[in-house]
Amino acid sequence: MSRVEPVSPIPGVPAMARRSAGFRSRKEVMKQRSSLGPAASVTPDPRDLEWPSLSEYARACLSGAPPPCAAACPLGLDVLGIIAKLKSGLWPAAAKMVRGLTVFPGIVSHLCAEPCGQDCLRAEAGDAIRLKDIEKWLWSRMRRKKNPTYFIPPQHKKILIVGAGLRGLSCALKLAGRGFAVQVVEKSGALGGRLLELDPDLIPVEVIEEDFAPLQQHKFLSITINTEVASLSGYEFDAALLAFDGAAAEYPKLAASAAGRTDVFFQPESIAGQYDPIQSIGQGLEWTYILEDCARLGRADIRPKATPAAVKPSTCGAASVFSDWPAEPEEADARREAERCLECSCRQCLDSCDMLRYFHFDPKQVLRNVSGSLNKLEFTKRPGMKQIRSCTGCGRCQTACPAGINFKEVFLSSRRILHQGGHLPLAAYDYWLNDLEFAGGPEAAFKYTPQPKPNFLYFPGCQLGASDPGYVLGSYGRLVSQVDPDMAIMLQCCGAPAYWAGDNKLQRRVLDDIRLYWQVLDRPEVLVACSTCLDIFRQHLPELNCHSLWPVLAENEPDDTPDRGSLSVFDPCASRSAPESQAAIRKLAVKMGFKVNELPDHGPRARCCGYGGLIQSSNLELAAVMVGSNLVQGDNDFLTYCSNCRDSFALHGKRAPHVLDLLLFPDEDRSLRPPPDLSQRRENRRRLKSDLGLRLTGRKPASNAPAPPRPTLQFSPEIRRQMNADLILDENVGAVIERAEKEGYKLLDSATGWFTAHLCIGNLTFWVQYGLEGGEYVVHKVYKHKMKIEEPGQ
Amino acid sequence: MTEERPPKLVCCQCWLELQPLKTTLNYMGHNFTVELPRCPQCGLTYVSPELAAGRMAEVEILLEDK
Numbered sequence: 002m003s004r005v006e007p008v009s010p011i012p013g014v015p016a017m018a019r020r021s022a023g024f025r026s027r028k029e030v031m032k033q034r035s036s037l038g039p040a041a042s043v044t045p046d047p048r049d050l051e052w053p054s055l056s057e058y059a060r061a062c063l064s065g066a067p068p069p070c071a072a073a074c075p076l077g078l079d080v081l082g083i084i085a086k087l088k089s090g091l092w093p094a095a096a097k098m099v100r101g102l103t104v105f106p107g108i109v110s111h112l113c114a115e116p117c118g119q120d121c122l123r124a125e126a127g128d129a130i131r132l133k134d135i136e137k138w139l140w141s142r143m144r145r146k147k148n149p150t151y152f153i154p155p156q157h158k159k160i161l162i163v164g165a166g167l168r169g170l171s172c173a174l175k176l177a178g179r180g181f182a183v184q185v186v187e188k189s190g191a192l193g194g195r196l197l198e199l200d201p202d203l204i205p206v207e208v209i210e211e212d213f214a215p216l217q218q219h220k221f222l223s224i225t226i227n228t229e230v231a232s233l234s235g236y237e238f239d240a241a242l243l244a245f246d247g248a249a250a251e252y253p254k255l256a257a258s259a260a261g262r263t264d265v266f267f268q269p270e271s272i273a274g275q276y277d278p279i280q281s282i283g284q285g286l287e288w289t290y291i292l293e294d295c296a297r298l299g300r301a302d303i304r305p306k307a308t309p310a311a312v313k314p315s316t317c318g319a320a321s322v323f324s325d326w327p328a329e330p331e332e333a334d335a336r337r338e339a340e341r342c343l344e345c346s347c348r349q350c351l352d353s354c355d356m357l358r359y360f361h362f363d364p365k366q367v368l369r370n371v372s373g374s375l376n377k378l379e380f381t382k383r384p385g386m387k388q389i390r391s392c393t394g395c396g397r398c399q400t401a402c403p404a405g406i407n408f409k410e411v412f413l414s415s416r417r418i419l420h421q422g423g424h425l426p427l428a429a430y431d432y433w434l435n436d437l438e439f440a441g442g443p444e445a446a447f448k449y450t451p452q453p454k455p456n457f458l459y460f461p462g463c464q465l466g467a468s469d470p471g472y473v474l475g476s477y478g479r480l481v482s483q484v485d486p487d488m489a490i491m492l493q494c495c496g497a498p499a500y501w502a503g504d505n506k507l508q509r510r511v512l513d514d515i516r517l518y519w520q521v522l523d524r525p526e527v528l529v530a531c532s533t534c535l536d537i538f539r540q541h542l543p544e545l546n547c548h549s550l551w552p553v554l555a556e557n558e559p560d561d562t563p564d565r566g567s568l569s570v571f572d573p574c575a576s577r578s579a580p581e582s583q584a585a586i587r588k589l590a591v592k593m594g595f596k597v598n599e600l601p602d603h604g605p606r607a608r609c610c611g612y613g614g615l616i617q618s619s620n621l622e623l624a625a626v627m628v629g630s631n632l633v634q635g636d637n638d639f640l641t642y643c644s645n646c647r648d649s650f651a652l653h654g655k656r657a658p659h660v661l662d663l664l665l666f667p668d669e670d671r672s673l674r675p676p677p678d679l680s681q682r683r684e685n686r687r688r689l690k691s692d693l694g695l696r697l698t699g700r701k702p703a704s705n706a707p708a709p710p711r712p713t714l715q716f717s718p719e720i721r722r723q724m725n726a727d728l729i730l731d732e733n734v735g736a737v738i739e740r741a742e743k744e745g746y747k748l749l750d751s752a753t754g755w756f757t758a759h760l761c762i763g764n765l766t767f768w769v770q771y772g773l774e775g776g777e778y779v780v781h782k783v784y785k786h787k788m789k790i791e792e793p794g795q
Numbered sequence: 326m327t328e329e330r331p332p333k334l335v336c337c338q339c340w341l342e343l344q345p346l347k348t349t350l351n352y353m354g355h356n357f358t359v360e361l362p363r364c365p366q367c368g369l370t371y372v373s374p375e376l377a378a379g380r381m382a383e384v385e386i387l388l389e390d391k
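For the protein sequence lines, the chains are A and B, in the order given. Just so you know, we're using the working numbering here: the first sequence kicks off at 2 and counts up by one. Just so you know, we're using the working numbering here: the second sequence kicks off at 326 and counts up by one.
Bound-form chain B, shown alone:
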């Protein structure tokens, strides 16, 4: 899951640049582990609008209709 122009994101709490880190997502009882930009200190995550509307939405529909 990669974006074309990744923004240079900084966590406002920790003032650290986000790094791609393992993140767990869950929906309808299923867990997924993906790499998402996260603050290495507090774990604040970034989900891009493209990801939310694209892959995430696809998987959500798949699980709902299962």
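Just chain A, with the same shape it has in the complex:
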């Protein structure tokens, strides 16, 4: 095959060089990704899962991560906990929490430099939360109360702390509270170290004395002042901390006695610069863990303190509320201040996903549920099944999570794994998979090429023609006249239902079929009308040179001047990965004379219309919620370019013209054209194949399936509506009645004269109650169920 120099036939679209035989390696395929985010990947084959494990995702998840204030706090204060207690009016509990976390609440609430306020989100809508003032108020209420004493089981381990600065004292008090016998030795005659050098206006002496009172009364704590520790050799201990400031070099004898000992710890650098009493307390608290480890286990590793990954709160949409802190605050003031707190936590995934919000689980719980579903223990439930089957695959989560968790992939991969294990309820997906078979089968599938190696192949997708065969005929006609008279066309399903149902094998079979035809045509450029098909091809059939249809049509559309009013573009969720489609539709709208009023969730924030992921069969309630949310987004007509979105809106009475309605039928108002029912959708596709075949080849294409002899059925409009809602086709009813009449498998209700028959088709059992009137079968009732009845001879 001679190499042809690639020239782009489509203006604005880069030329794609024809490739020589052979597919790209999996590595190459994985490298070339659309801008979906860090964890997007090719459909992993369940045999070799390459996506990050669920536990990695759970570790990365920021839900439960501290808010910026807590992350900045040198004491790691549990701000959310304290605020929650105050909001509930439980201020004594809040005060206890503060005392436990600050050790010396009086000192902290007087001297803290408030790093928490620097990142407080409330500052964007008011002023930062006055945590320090809250702490001070809590301290003032608790200071005169006696602390309850608790029984502390003794640890029978000794700790030595040299130096009674805040670092040493906080460490000592904490460890004594855990039952260790702590001895503090201080060179000077007073406790507090550099704290005592501070201006007494900043911190009154009595505040310090009150905070230090528990030190004197503690059962496990003994403090010796006016004693210098010259050498450690005179002391007995399981762990020791040299908690004074200054370099080891200043105390050579002490340093020598400590050298080489794994049970003695010393912060090597002297604390240079500004004295920060809160930092000292924070350090003292850190040391408690190391000393405890050492006392218990004989050794401890000093790990650098890990900075917790703070939540990155999204822009504050709250109304501004400023604090109103009086000089003499009361409980009501503290509570009001707590109410101002936004309780920042990472909600990016919840905010972007209707489904996660619907279930009210936090993301870590979701990941646990999924894990529990995939690794089911005997006698336990699969907790995540409903969630796994409720994902629409819209992909909003993929760009939302700051930790890069790809929930879409989690859910869809789980379906594949469950499908492989035979744990997915296949009956739920029967209708859709039958539809896939129909679209790819002899009644609806169609291939045509005017010459053996065409430059282009048009792939309209299976739903466009189902909604209206005119869409496909008209758009194909445009392409032939505007782009290339030798345009090939293929009517086939892209396999999306199989992807959504987790049926990896079926999906591959469909994709292989498409790829084969494409190779037979010598790899033309593929023009794809449906955003979902395009997304599926780019992810699962990346070697196909596919392009969105819409930029092509936009380029070739003349500019129209008359002002035709305003509308809003409803981007289908799958268009998120094809910004060129989104831009092209807007270009088309403007060219046709419309003004575009953007919806709040347009472009990269495109929402699912309720059709995706087959959730119609798993969670009808959620689908209704999603449709509802979409309807209220805007008052203008919605310009759609996905026929499912269009039909879904029309069903609910929302004017939603398809872009092809406007392009192909400019003189008609088709915005409220009622969507065809399920059986009509099939009939439309049969007609499309037949019309297309006639037009292109001059003869009706042979349908390999013989037309089954159908009894004439009569349906009332109510029955039709109900069948549509329950996903039951005319031909299902026909099959039941045909078998019943032919073989006599039917029941007669002697009171009404009606027959009742049933037939198991695939994973479903269909029931029909009918009567015979004037040579026609009048259908009275139609229903179905997934359970199978064990009947002999059926």
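Fair warning: there could be bad hints in the mix.
[As the list claims (entries may be wrong)] Here are the computed lysine to aspartate or glutamate pairs in the DMTMM-like style, where the Cα-Cα straight-line distance is at most 25 Å:
no.	chain 1	residue 1	chain 2	residue 2
1	A	LYS97	A	GLU293
2	A	LYS743	B	GLU342
3	B	LYS391	A	ASP727
4	B	LYS347	A	GLU792
5	B	LYS333	A	GLU293
6	A	LYS789	B	ASP390
7	A	LYS782	B	GLU342
8	A	LYS506	B	ASP390
9	B	LYS347	A	ASP750
10	B	LYS333	A	ASP750
11	A	LYS377	B	GLU383
12	A	LYS387	B	GLU385
13	A	LYS789	B	GLU383
14	A	LYS382	B	GLU383
15	A	LYS782	B	GLU383
16	B	LYS391	A	GLU744
17	A	LYS382	B	GLU342
18	A	LYS789	B	GLU385
19	A	LYS782	B	GLU375
20	B	LYS333	A	GLU742
[Stated by the list, open to error] Derived DEER-like restraints, expressed as beta-carbon distance ranges:
no.	chain 1	residue 1	chain 2	residue 2	range
21	B	GLN366	A	LEU773	21 to 27 Å
22	A	PRO677	B	GLN366	40 to 46 Å
23	B	TRP340	A	GLY654	36 to 42 Å
[Claimed, not checked] Computed far set for chain A versus chain B, every beta-carbon distance over 12 Å:
no.	residue
24	ARG674
25	ARG696
26	THR698
Because the hints were derived from the structure by calculation, they are not lab data. No residue lacks a Cβ here, since even glycine has one placed at the ideal position from N, Cα and C.
Position chain B against the provided structure of chain A, taking the given hints into account.
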């Protein structure tokens, strides 16, 4: 599992009135034994629309989400 107005059903193959008989239903690997109207000769079963939309659908959902 009973209906309010049970129709008088007759099997068209055997011309026998249906009787409540033990029937096995299965879904997702679970078996259930219930009494349903059946032809005493050929075993042809009747499931009412109320049963299918009611109890059956409830159990199906329970099993699917398990």
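Right, here's what the structure says about each hint:
1. Among the hinted pairs, LYS97 (chain A) with GLU293 (chain A) is consistent with the structure: their alpha-carbon atoms are about 23 Å apart, no more than 25 Å.
2. With a C-alpha separation of about 21 Å, the suggested pairing of LYS743 (chain A) with GLU342 (chain B) holds against the 25 Å cut-off.
3. Of the supplied pair hints, the one linking LYS391 (chain B) and ASP727 (chain A) holds, its CA atoms being roughly 23 Å apart against a limit of 25 Å.
4. Distance hint between LYS347 (chain B) and GLU792 (chain A) is fulfilled; the C-alpha atoms sit about 11 Å from each other, no more than 25 Å.
5. In summary, the hint linking LYS333 (chain B) to GLU293 (chain A) is not supported, as the alpha carbons are separated by about 81 Å, beyond the 25 Å threshold.
6. Restraint check: the Cα-Cα separation between LYS789 (chain A) and ASP390 (chain B) comes to about 18 Å, which is no more than 25 Å; the hinted pair holds.
7. Annotation: proposed proximity of LYS782 (chain A) to GLU342 (chain B) holds, straight-line Cα distance about 21 Å (limit 25 Å).
8. At roughly 24 Å between alpha-carbon atoms, LYS506 (chain A) and ASP390 (chain B) fall within 25 Å of each other, so this suggested pair holds.
9. For the given pair, LYS347 (chain B) sits about 21 Å from ASP750 (chain A) by alpha-carbon distance, which is consistent with the 25 Å threshold.
10. A C-alpha spacing of about 5 Å is found between LYS333 (chain B) and ASP750 (chain A), which places the hinted pair at or below 25 Å, so the restraint holds.
11. For the proposed pair LYS377 (chain A) and GLU383 (chain B), the alpha carbon gap of about 23 Å is at most 25 Å, so the pair holds.
12. The hinted pair formed by LYS387 (chain A) and GLU385 (chain B) meets the criterion: a straight-line CA distance of about 13 Å does not exceed 25 Å.
13. About 15 Å separates the Cα atoms of LYS789 (chain A) and GLU383 (chain B), which keeps this hinted pair within 25 Å; it holds.
14. The suggested pairing of LYS382 (chain A) with GLU383 (chain B) holds, with an alpha-carbon distance near 17 Å, which does not exceed 25 Å.
15. Proposed proximity of LYS782 (chain A) and GLU383 (chain B) is supported: the alpha carbons are some 20 Å apart, at most 25 Å.
16. For the suggested pair LYS391 (chain B) and GLU744 (chain A), the alpha carbons sit about 38 Å apart, so the restraint of at most 25 Å is broken.
17. Taking the CA atoms of LYS382 (chain A) and GLU342 (chain B), the gap is about 42 Å. The hint is violated against a cut of 25 Å.
18. Proposed proximity of LYS789 (chain A) and GLU385 (chain B) is supported: the alpha carbons are some 11 Å apart, at most 25 Å.
19. As the CA atoms of LYS782 (chain A) and GLU375 (chain B) are separated by approximately 11 Å, the hinted pair is consistent with the 25 Å bound.
20. Taking the CA atoms of LYS333 (chain B) and GLU742 (chain A), the gap is about 20 Å. The hint holds against a cut of 25 Å.
21. Look at GLN366 (chain B) against LEU773 (chain A): about 24 Å separates their beta carbons, and that is inside 21 to 27 Å.
22. Between PRO677 (chain A) and GLN366 (chain B) the beta carbons are some 44 Å apart, a value that agrees with the proposed interval 40 to 46 Å.
23. A hinted range of 36 to 42 Å for the beta carbons of TRP340 (chain B) and GLY654 (chain A) is inconsistent with their spacing of about 51 Å.
24. ARG674 (chain A), annotated as away from the interface, keeps every beta carbon of chain B farther than 12 Å; the closest lies near 31 Å.
25. With a least beta-carbon separation of about 45 Å from chain B, ARG696 (chain A) lies farther than 12 Å from that chain, consistent with its non-interface assignment.
26. The Cβ of THR698 (chain A) sits about 46 Å from the closest Cβ of chain B, beyond the 12 Å cut-off, so the non-interface label holds.
Taken one by one, the earlier hints fail for this structure at numbers 5, 16, 17, 23, listed in ascending order.
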